[in-house]
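S.K.: Letter by letter, the chains look like this.
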Amino acid sequence: MAQGIRDKVAILGMGCSKFGERWDCGPDDLMVEAYIEAMNDAGIEPSQLDAAWFSTHVDEMGTGKGGTPMSIALRLPNIAVTRVENFCASGSEAFRGAVYAVASGAADIAIALGVEKLKDTGYGGLPVANPGTLMPQVMPNGSAPGNFAQLASAYRAKHGVSKDDLKRAIAHVSVKSHANGAKNAKAHLRKAVTVDQVLNAPMIAEPLGLFDCCGVSDGAACAIVTTPEIAKAMGKKNLTMVKAIQLSVSNGYESQYNGWDGSHFHTARIAAGKAYREAGIERPREQISMIEVHDCFSITELVTMEDLFISPEGQGWRDVMDGFYDADGGVPCQIDGGLKCFGHPIGASGLRMLYEMYLQLQGRAGERQLKDPVFGMTHNLGGAPASNVCSVAIIGQEGA
Amino acid sequence: MVGIAAWGAYAPRLRLSRKAVVTANAWVAPNLVGKGKGERAMANWDEDALTMAVEAARDALGPADDRSHIDALYFASTTAPFADRLNAGVVSAALTLEKSISASDVTGSQRCGLAALAQALDSVSGGSARSALVVAGERRKARAVSALELDCGDGAAAFVITAEGGAADFLGRGSVTDDFVDHFRGNDGGFDYAWEERWIRDEGIVKLVPPAVKRALAAAGVAAADVAHFCFPSTFSGMAATLAKSLGIPAEAVRDNLAAVMGEAGSAHGPLMLAHALEQAKAGEIIVVSQFGQGAEALVFRATGAANLKPARGVTGSLADRQEETNYLKFLIFNGLVDWDKGMRAEKDNKTALTTLYRNEDMILGLVGGRCRETGVVQFPRTRISVAPNKPALDTQEPYRFAERKASVLSYSADYLTFSMAPPNHYGMIVFEGGGRIMMDITDVSPGDVDTGLPVKMVFRIKDIDEKRGFVRYFWKAAPDRSAVSAQTAVAAE
Numbered sequence: 018m019a020q021g022i023r024d025k026v027a028i029l030g031m032g033c034s035k036f037g038e039r040w041d042c043g044p045d046d047l048m049v050e051a052y053i054e055a056m057n058d059a060g061i062e063p064s065q066l067d068a069a070w071f072s073t074h075v076d077e078m079g080t081g082k083g084g085t086p087m088s089i090a091l092r093l094p095n096i097a098v099t100r101v102e103n104f105c106a107s108g109s110e111a112f113r114g115a116v117y118a119v120a121s122g123a124a125d126i127a128i129a130l131g132v133e134k135l136k137d138t139g140y141g142g143l144p145v146a147n148p149g150t151l152m153p154q155v156m157p158n159g160s161a162p163g164n165f166a167q168l169a170s171a172y173r174a175k176h177g178v179s180k181d182d183l184k185r186a187i188a189h190v191s192v193k194s195h196a197n198g199a200k201n202a203k204a205h206l207r208k209a210v211t212v213d214q215v216l217n218a219p220m221i222a223e224p225l226g227l228f229d230c231c232g233v234s235d236g237a238a239c240a241i242v243t244t245p246e247i248a249k250a251m252g253k254k255n256l257t258m259v260k261a262i263q264l265s266v267s268n269g270y271e272s273q274y275n276g277w278d279g280s281h282f283h284t285a286r287i288a289a290g291k292a293y294r295e296a297g298i299e300r301p302r303e304q305i306s307m308i309e310v311h312d313c314f315s316i317t318e319l320v321t322m323e324d325l326f327i328s329p330e331g332q333g334w335r336d337v338m339d340g341f342y343d344a345d346g347g348v349p350c351q352i353d354g355g356l357k358c359f360g361h362p363i364g365a366s367g368l369r370m371l372y373e374m375y376l377q378l379q380g381r382a383g384e385r386q387l388k389d390p391v392f393g394m395t396h397n398l399g400g401a402p403a404s405n406v407c408s409v410a411i412i413g414q415e416g417a
Numbered sequence: 067m068v069g070i071a072a073w074g075a076y077a078p079r080l081r082l083s084r085k086a087v088v089t090a091n092a093w094v095a096p097n098l099v100g101k102g103k104g105e106r107a108m109a110n111w112d113e114d115a116l117t118m119a120v121e122a123a124r125d126a127l128g129p130a131d132d133r134s135h136i137d138a139l140y141f142a143s144t145t146a147p148f149a150d151r152l153n154a155g156v157v158s159a160a161l162t163l164e165k166s167i168s169a170s171d172v173t174g175s176q177r178c179g180l181a182a183l184a185q186a187l188d189s190v191s192g193g194s195a196r197s198a199l200v201v202a203g204e205r206r207k208a209r210a211v212s213a214l215e216l217d218c219g220d221g222a223a224a225f226v227i228t229a230e231g232g233a234a235d236f237l238g239r240g241s242v243t244d245d246f247v248d249h250f251r252g253n254d255g256g257f258d259y260a261w262e263e264r265w266i267r268d269e270g271i272v273k274l275v276p277p278a279v280k281r282a283l284a285a286a287g288v289a290a291a292d293v294a295h296f297c298f299p300s301t302f303s304g305m306a307a308t309l310a311k312s313l314g315i316p317a318e319a320v321r322d323n324l325a326a327v328m329g330e331a332g333s334a335h336g337p338l339m340l341a342h343a344l345e346q347a348k349a350g351e352i353i354v355v356s357q358f359g360q361g362a363e364a365l366v367f368r369a370t371g372a373a374n375l376k377p378a379r380g381v382t383g384s385l386a387d388r389q390e391e392t393n394y395l396k397f398l399i400f401n402g403l404v405d406w407d408k409g410m411r412a413e414k415d416n417k418t419a420l421t422t423l424y425r426n427e428d429m430i431l432g433l434v435g436g437r438c439r440e441t442g443v444v445q446f447p448r449t450r451i452s453v454a455p456n457k458p459a460l461d462t463q464e465p466y467r468f469a470e471r472k473a474s475v476l477s478y479s480a481d482y483l484t485f486s487m488a489p490p491n492h493y494g495m496i497v498f499e500g501g502g503r504i505m506m507d508i509t510d511v512s513p514g515d516v517d518t519g520l521p522v523k524m525v526f527r528i529k530d531i532d533e534k535r536g537f538v539r540y541f542w543k544a545a546p547d548r549s550a551v552s553a554q555t556a557v558a559a560e
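The listed protein sequences derive, respectively, from chains L and W. With positions in the first sequence counted from 1, the corresponding number in our numbering is that position plus 17. With positions in the second sequence counted from 1, the corresponding number in our numbering is that position plus 66.
This is chain L alone, in the form it adopts within the complex (with noise of 0.2 angstroms):
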């Protein structure tokens, strides 16, 4: 394996926008309010910035193209942006090109920064991708919960859990999420809700009901890395590092070959493996404080839980109804309020989950402010289950 990037980078600074319904903000203005944050946290000036990641992921609502929106936007220097477009993990994705250009040496201080402004598209629920000129013609007309609700007939099937044992432990993914998210001023959804309420929603797609899935929002977020070095000579302390970023995509061995089960992401357990590895973690379950993972829907997260083997395969039902994965359980999980409470605003997505395990790394997260926190995973999915794109990174405490 390559060496890695373990401890190369620093997480300079961050900020994140409210997220929800921003009828009253253009992407501009969010990529402004996320930006202000990051540089204020971080204490530098435009000037310092060497290079930027720019991910947006819907073609042409609002954003636009290439480089110049964030650019623009942001008054950026005239320096490098790159835009970046991964699926969901498109935030995730930023994140890396920020930090692979500081690891390399050839940026000083570099900035990802992701939005998207789902609101001005018209729909509720993701928009209608456009997938090309041959896959209308083959695929099915489907929608992202239709998809991703395919994982609870194979989970089910291959763990012999009933209907009704795998929506309820499902529907308790979703109240644990609501209830962190209560505590979130810049979540888009602030209320508790009940197994009952999960349970009786209005069907979205078998078996995902309209709280098993995450919201539709507005929202952007951004990073600011640099190295070790420049952040001590800064006076930085107590420095978050980057442990790990993996990026593990499909190449069709699900959709178009007999050996996956559908049952779980084959992209999100060599991510997970070679993230671990590059991080210098052997027992995730015992070692990882917290993870934020891409909740886009009940089930997702469930089956992420084995993915990322902190649950035992075909065990992670049993771990999310017992707690395990509650803000008080042994690995809390979405402690922001995930997916499911901030929306997914696909461009900003993975850079709002390093936001807060970053902010529970520097012990700044308030009242959800978990104890003595030392690594933060995050994890986002792109796609769909048969043909995804999956990330995963991990940040952790200086020294650990």
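These are computed hints drawn from the structure, not numbers from a lab. Built from N, CA and C at the ideal position, the CB exists for glycine as well. Among the hints, erroneous ones may be present.
Claimed, not checked - If you want the footprint, here are the derived chain L segments under chain W, 3+ residues with CB under 8 angstroms: (1) 135-144; (2) 199-213; (3) 271-277.
Please arrange chain W on chain L, whose structure you already have, making use of the hints.
M.R.: Here is chain W on its own, set in the frame of chain L:
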């Protein structure tokens, strides 16, 4: 002796209750209440004349991969989806027939199904074709609250014609051509406009059909009294019996026109009744099939009674696979008779890139994937580099047909969010016996029908309709293999 070597049929699974229709319409058309008996075959939203014809043809051809013996194709319909695109070309691609075949669309009259059959018989008799496939499909078009809406049904039939025959020998043909306009439909895609029934019956059918049948019997050298099966579709009660009597055909030879159980499938109905007769005819029995339309067509066959040639499904099997539909509004929406709010998700542009369609023709229309000649790994779609893990062989794949393979559901969902003509939209990962998998639509199901492990079969269906440009996009879908489900249930019960 030239004749029918094989045959097949198709009727859509949905059967619209006529009582539901007349009850819904009684406020405006109380005169139709008397027609509220029985049911009519109702195409699903994703079925049309072409898709049903393909299914009938598959029934006739059987599951064998090699269809290279077919060298001529005739597609008959008055409701074909394309006015200027060879509809038979779509059928040919779906069936993965050879590129070297001749193919034609036969249309313009309710007797075009039998005309196509006659042309196929002629071409084989004359030696220009060795093995001709004839398919007739019809998705009838009628205004809401019309009598035609109740009388019609949707369906298809198919025949393989060879010099040797086997199932039935062809004995003779008779035709009459006369521009008697009992009804017409303009080329603007509108609805039928019909004249008075008594005139159609007394000046049209009664005068124009018998000469055609007599000529056919004469050509065949068969006496009317020797006819055992007389197939004549008509929505006029007792019409076939009247004709039989005037012709001297025994009353007991008059066959059930299936009006009660499926309605009349237009130009496909004569062929359907012939297919039905073949399923029941004993060796040596004479079958006469005739149909009216700007004259008449009549064909005479002698059945061989060869039971081994019967199709897997046929008319009997199609009629047995039945799901009652009592929602008249669903019928109206499926037939484009209601301007309904499809929601924002239906706004997506369904323009088909014709370059992409042509480049991937065998994949999209024929469901042809690939099989690696080195590893045997089967995949869909066929690609230059094999999907086999750790064995990315280059350019080793040969065409591999999926359409006739048994398959089952690995994962699925029933999606209420996406646009669907029949929500919830069912789709899932389908895995095939022998390898390969495809994420595909699942059709002909209701909530609760689908679960992991459900046996499914492939069916050729409409994928999307580009209303802006008038293009119909086709692909394959999974439908429950209900015979396999029944077999599973039977085994489990033992």
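S.K.: The structure should be examined with respect to each hint, and the outcome stated for every one.
M.R.: Against the structure, the hints come out as follows:
1. 135-144: holds (count 3)
2. 199-213: violated (count 0)
3. 271-277: holds (count 5)
Comparing the model with each numbered hint stated earlier shows that hint 2 is the single one that does not hold.
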